[in-house]
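**Q** Next come the chains, spelled out residue by residue.
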Amino acid sequence: QKEVEQDPGPLSVPEGAIVSLNCTYSNSAFQYFMWYRQYSRKGPELLMYTYSSGNKEDGRFTAQVDKSSKYISLFIRDSQPSDSATYLCAMKLGQAGTALIFGKGTTLSVSS
Amino acid sequence: SAVISQKPSRDICQRGTSLTIQCQVDSQVTMMFWYRQQPGQSLTLIATANQGSEATYESGFVIDKFPISRPNLTFSTLTVSNMSPEDSSIYLCSAMTGSYEQYFGPGTRLTVT
Chain A
1 QKEVEQDPGP LSVPEGAIVS LNCTYSNSAF QYFMWYRQYS RKGPELLMYT YSSGNKEDGR
61 FTAQVDKSSK YISLFIRDSQ PSDSATYLCA MKLGQAGTAL IFGKGTTLSV SS
Chain D
113 SAVISQKPSR DICQRGTSLT IQCQVDSQVT MMFWYRQQPG QSLTLIATAN QGSEATYESG
173 FVIDKFPISR PNLTFSTLTV SNMSPEDSSI YLCSAMTGSY EQYFGPGTRL TVT
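Sequence lines, in order, name chains A and D.
At position 103 of the first sequence (counting the first as 1) the number is 103 in my numbering, and the numbers step up by one without a gap.
Counting the second sequence from 1 gives a position; my numbering is that position plus 112.
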């Protein structure tokens, strides 16, 4: 079992839809949970991060972490064609200096 | 945040040769990392570039194949040595500010023929 599992998609939705992206993980010691967005032929861009459990909202984006279920989600409201990208979940241990462990990424396409 | 640049952005190399990738960060950072991204795969951590000491490599990656330097707090290099077609990939430099925010460069797209 991989440490971080993410459905690669692809996921296609019409403009304005609510998108739900999810990851599961196996290591209960993970403390920081991130979502990155990667456009084609670009490096990953940090979108949101959450420490431990709970929700975090930033504009149209909401990140949720459920540590009891080892499950994290990213919701995109009112999706736009510019949201079309690959979304990568990533997580890390609490100790300083440890690197991120990534999921495979979910490719999202939003059609106008 | 941190802005990271990488050179070269892409290269096509012959089998058996070596390529050195440079990574420059616009501010001093606590940690620097090198990742590999293959099509349809997760980003895989190659090593942590330690300033003033040897890099720390992940399982499956060795110093002879991927020597890394980090002479200061804003710069690092990754060399891909004795390349084979299996080394064709995107190589990403990453830097951590504080204890958890990690930023990425645009990547170096390497093709080995």
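If you're looking for bench data, these hints aren't it; they were derived computationally from the structure.
If you're wondering where the values come from, they're calculated on a predicted model, not measured in any experiment.
Just so you know, not all the hints are guaranteed correct.
[Unchecked claim] Derived coverage of chain A by chain D (criterion: at least 3 residues anywhere in the stretch with Cβ under 8 Å from a Cβ of chain D; other residues may be distant):
hint	segment
1	34-47
2	53-62
[What the hints assert, rightly or not] Here are the computed lysine-lysine pairs in the BS3-like style, where the Cα-Cα straight-line distance is at most 27 Å:
hint	chain 1	residue 1	chain 2	residue 2
3	D	K119	A	K2
4	A	K104	D	K177
5	A	K70	A	K2
6	A	K56	D	K177
7	A	K104	A	K56
Even glycine gets a Cβ: it sits at the ideal position worked out from N, Cα and C.
**Q** Now, for every hint given, state plainly whether the structure supports it.
**A** Evaluated hints:
Counting residues of the segment 34-47 of chain A whose C-beta lies closer than 8 Å to any C-beta of chain D gives 8; at least three are required, and the coverage claim holds. Here's how the segment 53-62 of chain A fares: 0 of its residues keep a CB closer than 8 Å to some CB of chain D, so the rule of at least three is not met and the hint is violated. Under the criterion of a C-alpha separation no larger than 27 Å, the hint pairing K119(D) with K2(A) is inconsistent with the structure, at around 32 Å. Distance restraint check for K104(A) and K177(D): the Cα-Cα separation of roughly 25 Å lies within the 27 Å cut-off, and the hinted pair is therefore satisfied.
For the given pair, K70(A) sits about 13 Å from K2(A) by alpha-carbon distance, which is consistent with the 27 Å threshold. The hinted pair formed by K56(A) and K177(D) fails the criterion: a straight-line CA distance of about 41 Å is larger than 27 Å. Restraint check: the Cα-Cα separation between K104(A) and K56(A) comes to about 22 Å, which is no more than 27 Å; the hinted pair holds.
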